[in-house]
Amino acid sequence: MSKARELAELGAVYDSGALSNRNLLINGAMQVNQRGTQTVNASATTGYGPDRFRLNAGGGIDNFVGTIAQDSDVPSGSGFSNSLKITTTTAENAISAGEYIYLHQTIEAQNLQQLAYGTSSAKKVTLSFWVKSTITGTFAVGLYKPDSTSQIHNKTYTINSASTWEYKTITYEANTLSGGAIANDNGAGIEVAWHLAVGSTYKGTDTSSGWANYAAATWGTGQGTDAVITTTNATFQITGVQLELGTEATPFEHRSFGQELALCQRYYQDNDASTMGIGSAYAANAWNYKRVIQFGIMRATPSVAYDNGTAGTWQSGSSDYGVGPKTSAFSHLYSKSSGAILDIYIGTGGIQFRLDAEL
Amino acid sequence: MVISAAKHVVLGNGDRHIQATIDGEELAVPLDPENRHYAEIMRQVEAGELTIQEAD
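Residue numbers (my numbering), protein chains in the order written: chain G, 132 to 490; chain C, 27 to 82.
If we strip away everything but chain G, and leave its shape as in the complex, we get (with noise of 0.2 Å):
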């Protein structure tokens, strides 16, 4: 890209009013991993690579098994260092009818009040990532607004060549729709969704010139393929992910990995407190808590999961326990000791906290 386009380009993100945090997404460059790679299937329907991009298998998906992962496979000389890649290996036999899967992250709503969405001022949008896949051909990729009225705006990409790295931009018109406003407040906003498979009951109605009301037909239209999803093997990879205000699609903009990591904790955490002791002397029969290791004020009160460290172990003395959601701010360790006075003790094999407040 020649200086004078960079410098065109920059003129247009500026009359859209950002020329810095134009990432509408969060970990858009895909550095942060909290979770690991996860497994979807029929009896586990969601599951996270890198943080905030969730894989969603609705409508009675059954023979499918795929995981989600980061990956290191990035697009040369692009300055990425990751990618969020998802691998088929056991495929779907066929899609039927009600049957669909779609990646996703969900942008929270305070964040997108500069949309001036469901007003005649409501700004345009424009979405850029590099994709790569064993599977060519033509992908639906939407917005869909669930505040407010529900309402959709569905385009689509190509994938011209077969386990390459490709760029695209698509930009989405501004909703002027009456009902078209985002509320101002912690729920969902705009939920970004990559169709990998969609059933009929989901595909028909194009919403591909702007902005519509939901209806399941309109939920994937556009989507060529399913080959994703009905192959072994096949694979699906994406990085540099960027939505912004405006119509041009600006360089990606890096983000330190503090940064994305300080983000993502708002929507999930997974707080490794290994090598930590709790014990406490309390009258018997009494119920104790306390405070789990948390970064900030997460989006809203997560649900907590927890994983006892190898070593680690809870007092036998205690007849009731366990982790609880308390609020936005802190969850909580409690125990009821029963007879025994001392009632929690985490070993040198730690305990891991998982606190999960995502859209």
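These are calculated hints, taken from the structure and not from any lab test. One or more hints might be untrue.
[Said to hold, decoys possible] Here are the simulated BS3-like cross-link-like pairs (lysine-lysine), alpha carbons at most 30 Å apart as the crow flies:
1) G/Lys286 with G/Lys255
2) G/Lys421 with C/Lys33
3) G/Lys134 with G/Lys299
4) C/Lys33 with G/Lys467
5) G/Lys299 with G/Lys255
6) G/Lys467 with G/Lys421
Note that this is a predicted model, so its numbers are computed, not measured.
With chain G held as given, fit chain C onto it using these hints.
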């Protein structure tokens, strides 16, 4: 989201949550409509697809 078990938990201080197995992971889910797991639990309950067990 596959929810294979759900049970109310009441702690000594009156705090409540739902202990649920969701997509194979055991989670303590807050009674917060803004929490995606709680929202899905309640959707499935209202659809008659899930019953939450009472607390012990």
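These are the hints, each one checked on the structure:
no. : hint                   : result
1   : G/Lys286 with G/Lys255 : holds (13 Å)
2   : G/Lys421 with C/Lys33  : holds (22 Å)
3   : G/Lys134 with G/Lys299 : holds (20 Å)
4   : C/Lys33 with G/Lys467  : holds (18 Å)
5   : G/Lys299 with G/Lys255 : holds (17 Å)
6   : G/Lys467 with G/Lys421 : holds (12 Å)
Violated hints: none; the structure is consistent with every hint.
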